[in-house]
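*Asks:* The residues making up each chain are set out below.
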Amino acid sequence: MPRSPGEASHDGGARAVGTRLYDLVAELTPMMRSITGDGVRKTLATVRGALEPAVPFAVREVPTGTPVLDWTVPKEWNVSQAWLAGPDGQRVLDAADNPLHLLNYSIPTHTRLSLPDLLPHLHSLPDHPDWVPYRTSYYHEAWGFCLSDRQRRELPDGEYEVHIDTTLTDGSLTFAEIALPGSSPREFLVTTHVCHPGMANDNASGIATATLLAAALADRPRRLSYRFLFIPGTIGAITWLAHNRESVDGIEHGLVLTGLGDRGQPTYKRSRRGDAGIDRAVTRALKETGRPYNVIDFSPYGYDERQFCSPGFNLPVGRFGRSPHGTYAEYHTSADNLGFVTATGLNDSFAIILRTIEICERDRTWTSTSPFGEPQLGRRGLYRSIGATLDREAVEMGLLWVLNLADGSHSMIDIADRADLPFNTVADAADALAAVGLLA
Amino acid sequence: MPRSPGEASHDGGARAVGTRLYDLVAELTPMMRSITGDGVRKTLATVRGALEPAVPFAVREVPTGTPVLDWTVPKEWNVSQAWLAGPDGQRVLDAADNPLHLLNYSIPTHTRLSLPDLLPHLHSLPDHPDWVPYRTSYYHEAWGFCLSDRQRRELPDGEYEVHIDTTLTDGSLTFAEIALPGSSPREFLVTTHVCHPGMANDNASGIATATLLAAALADRPRRLSYRFLFIPGTIGAITWLAHNRESVDGIEHGLVLTGLGDRGQPTYKRSRRGDAGIDRAVTRALKETGRPYNVIDFSPYGYDERQFCSPGFNLPVGRFGRSPHGTYAEYHTSADNLGFVTATGLNDSFAIILRTIEICERDRTWTSTSPFGEPQLGRRGLYRSIGATLDREAVEMGLLWVLNLADGSHSMIDIADRADLPFNTVADAADALAAVGLLA
Amino acid sequence: MPRSPGEASHDGGARAVGTRLYDLVAELTPMMRSITGDGVRKTLATVRGALEPAVPFAVREVPTGTPVLDWTVPKEWNVSQAWLAGPDGQRVLDAADNPLHLLNYSIPTHTRLSLPDLLPHLHSLPDHPDWVPYRTSYYHEAWGFCLSDRQRRELPDGEYEVHIDTTLTDGSLTFAEIALPGSSPREFLVTTHVCHPGMANDNASGIATATLLAAALADRPRRLSYRFLFIPGTIGAITWLAHNRESVDGIEHGLVLTGLGDRGQPTYKRSRRGDAGIDRAVTRALKETGRPYNVIDFSPYGYDERQFCSPGFNLPVGRFGRSPHGTYAEYHTSADNLGFVTATGLNDSFAIILRTIEICERDRTWTSTSPFGEPQLGRRGLYRSIGATLDREAVEMGLLWVLNLADGSHSMIDIADRADLPFNTVADAADALAAVGLLA
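Protein chains in written order, with my numbering: chain P, 1 to 440; chain L, 1 to 440; chain W, 1 to 440.
Bound conformation, chain P alone (with noise of 0.2 Å):
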């Protein structure tokens, strides 16, 4: 995907970004990932290494059988090994090469049984012979693995040995918040899953661009106030919204980010409301980057938009990623690797973030102070006196929109959008109408 030259400025050196959130992705990437456990743990020690010391970077823990919502935090796994033998003593597959080859939250096992017998504890995907498939059983107990259908064909008869050397016990749901307060109260939320194991672009991708995001907005001033969510899926975002059911109206925009690194086009699914701020922003940053993009419907199908977006709540949070899952055939299986996903994928997502994040720092609603008649532009130096290397029939127009339709009741997306002009050349004069006192 060729990039212009102004896109690399504007996102002030995101080409090294896209190469940090690579890195990042590469090694988040192998660990044995579950709703709770050390794997969460150990991922959430890496998105802490990423941070600066100053970055503040909670981590909590939610006891086993806390009720929350409708739901109860379950039992916490932990894996210590997990392997199979075949007939002649081999290990045939080892959680140790490929977390995936364990289905995850497996109960303690260890057995020997004949292959018939083992078959119905084997997932494959006869369409695709050489990947594995990501399985989970969290709230049904059972054990298994999972393999490439070839491998599976080509296990001999004869007796093998199962070593799941797992626990399933009272413990805790792990997850972090990085809260970063900006000038005011409403906050913009961040959400990432935590749960997955082994593979690239769901959710190390959403993992590393949640760290380095917050990393850059910890550098900068802040309008609103930004709210970082390390979850695992699901029983995560549960844990969190029944945790803060009072808080939650403090959240003006919202994202959940996964999948943002492979070779597809940004996706970005609306919010239930489906015309929220969010969703306008994003809408926004996509459309002007000039390239393809999809803007897709809310629907209570995906991710943890599901929770968030659910009716109590129907909070402002869309979700932003680039091939939806569902729509590639290396979905939930171990072709998701590093292969799958690419820098310059990594940092275009992250710069359509960040300019997102942008376009709703600056959308404010103004309100003209001189509303009867255009005001004299001339003798407060307005004409011509700015923007003097940009376009000066933009700018001018962009001068003339925003003093008609700064009424409290237009924002500047909707100033854009009506205008049919850049954002920024409406945000920059409501910014230089502000400052001769035209807007209040």
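Think of the hints as simulated: they come from the structure by calculation, not from any bench. A few of these clues could be false.
Unchecked claim - Output of the computed footprint for chain L on chain W, the stretches with three or more beta carbons under 8 Å from beta carbons of chain L: (1) 365–374; (2) 401–408.
Claimed, not checked - Have a look at the derived ranges for each label pair, beta carbon to beta carbon: (3) W:P422 - L:P63: 36 to 46 Å; (4) W:R245 - P:D431: 26 to 36 Å; (5) P:G89 - L:P422: 50 to 60 Å; (6) W:H243 - P:D414: 28 to 38 Å; (7) W:H243 - P:R392: 28 to 38 Å; (8) P:D414 - W:E288: 28 to 38 Å; (9) P:R273 - W:D414: 27 to 37 Å.
The beta-carbon is built from N, C-alpha and C at its ideal position, and this holds for glycine as well.
Guided by the hints, dock chains L and W onto chain P, whose structure is given.
*Replies:* Only chains L and W this time, still in chain P's reference frame:
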């Protein structure tokens, strides 16, 4: 029109219904009907005879001269015989052969006149020389005959004898009502006009369809209450409305039935409101047939929807049929005969109306009892436990969509529309969720 | 552009109007106008002379220095003579030949200078080497000449004499108003700018059109009241608004007239509201011409609609003309001359404005006195008794639509739009129904 096995089974023996409808149309078509008189009474007796005795069937008689809204009930018209004899004394035309031959509401007339004096009293269709037109003169005293243009052109010179043995006297206007109470007092109104003589599609098909619909619904459990009106066009609707001005507020949905048996596509004409529940229910029933259909906007021209949708009432009443009047040459002629309608067409119309009724019966608005986050469906046995024989993915999407939109402001149709799922998938999901207490 | 006989007769001698408009444009074009001064006064005297003495015509003078909204009335500018002489003493340019030669609002200047020193004061159009541009410097003190680029390039070296005999002194800003009271105090505002010198389309065509419109309306019965403003652009509109802040609420409709005589299609620019009565009335008038036209959205760039549609006023004022400014090369040059406008174009614009006014005059919202069921039209003689020479079906549909939508919330335009009938068919039906007491 080929029909899939699924439709036939869905309709519960609908093919048989088509044949029964056709037979009833054949019985009703030849009668001499008008807006008042014994033709209406004979028609209503035929309807009564087609219903089980337990079905409540009330015949009303409203006396001539009764003020009804802006109108007055007219004199009652009856025909004993009506014929025209030629110069040779032979009968040229006889209403006993075809009720269309007599200008409807002709005043009593016994006279002899020459062909030139006769011609102004003769009505024919030069563009369709073999068809006899249907003509009326309800509110302007006149007499006349209708005949094929071919016959008219061949009339020899000479003296003709006019023998119109009609009476136009104080009597009454006759109509019938069937009221089938449901668990809710909210009403679904079905009306059909009973004034057109000698034609199969307009409107023996409407009378027959309303009759067998009432028979079918009398046997079913009903949430809504149903009211069937068998009324003369215009003056009958006005008379009924005049006597029910207070109770029309109970009408939740309504359909005017006319022209249900021809070979054209099913056509729905929206109510004046345009987006009433009936408008959305019929549209969904039509869409889910998977076959071509028409939905047209309201206009104040047509059948009795003109009265039900007059601005003072503005009832949620649409019109259902096949080819709209005025779009086919056979309309209001002798060519609207038993060859113009088919059991297949009647059957298809009947199935769509029943399906509309089923949708209205189930189109409730629920509220989730667990709106904060998604409820845990697994522990309630709602994943994979229902719809084992249906498409599991659609079933799960149905559950998720209903939960997400069950906020007290979305009906089942709303949810089916937004989710792009079949109505039954959504309604079944709601039933399953209600059964475990997740909806109220 | 061919015209049907119907249009000509409808307009009451519109061809004659086109010729009269053209003659008035020809008289107005050559004058030296600016935003203040005797050029405006001479223009207004010409307007006055084209009106019957009985038409009320008020000329206002607002003194230099008067604060008007965010602005101040500037010094008055007058020109006695202005010329440039070449090295040979011959006059190279003389404002007496063409008022465009003088930079409008040039300060008094008498000097001699070399060609290199002169050139920064000369304005020409390299892309159109034979045309003289129109340039102003109202709020920045400057002097200069405008000339064809061909002439500029041929100027010989040597010393030039600049003789600009202007005055820029305390005086006043001049504008005129015509107020024609109607039976309602609600106003239809027509404005045109009177500051552009030497050009036929922009805006001698606007001045001429407003003048003959006022003449035509003065002779007619009027439901609405009409106010015509002949004002200098921007500062004139601001001055008038500053003196009428309280009374602008009486403005029901408004049109800014400019560029009405060129060969382009008629073009309407919507008010800031977008769906005001004037927006719908002009659109309908244009649609019913059956010929191509443009309707464009409001933007805060253009003519005095900028002031009337500033957010504090937000008046229902649109702009009507033919080719919009900026879409034709001749705009603001000497090529906007008497060959650029035609009597046909002026006539067509005039007819559309008159038609718009007729629609606004008749665009009432009625309420049926018989809203329950259809009233019986036959006994009131409304079937076939009116419109005998018109299309009977359209007449009857007009009656039925008006009765159906006469619920106090639909205007005649609303009904014409929904019924897809000509406005007059609907308005005539309403008049007929009102005459028999069915509307109030």
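*Asks:* Hints first: check each against the structure and report whether it holds.
*Replies:* Against the structure, the hints come out as follows:
1. Coverage of the segment 365–374 of chain W by chain L holds in this model, with 6 residues showing a Cβ closer than 8 Å to a Cβ of that chain against a need of three.
2. Beta-carbon proximity to chain L at under 8 Å applies to 6 residues in the segment 401–408 of chain W; the threshold of 3 is reached and the given coverage holds.
3. Checked against the given bound of 36 to 46 Å, the beta carbons of P422 (chain W) and P63 (chain L), roughly 44 Å apart, stay inside it.
4. Checked against the given bound of 26 to 36 Å, the beta carbons of R245 (chain W) and D431 (chain P), roughly 30 Å apart, stay inside it.
5. For G89 (chain P) and P422 (chain L), the hinted distance range of 50 to 60 Å is satisfied, since their beta carbons lie about 55 Å from each other.
6. The hinted range of 28 to 38 Å is satisfied by H243 (chain W) and D414 (chain P), whose Cβ atoms lie roughly 33 Å apart.
7. The hinted window of 28 to 38 Å between H243 (chain W) and R392 (chain P) holds, with their beta carbons roughly 33 Å apart.
8. In this structure, D414 (chain P) and E288 (chain W) meet the distance hint of 28 to 38 Å, their C-beta atoms being roughly 34 Å apart.
9. Between R273 (chain P) and D414 (chain W) the Cβ separation comes to about 31 Å, which falls inside the hinted range of 27 to 37 Å.
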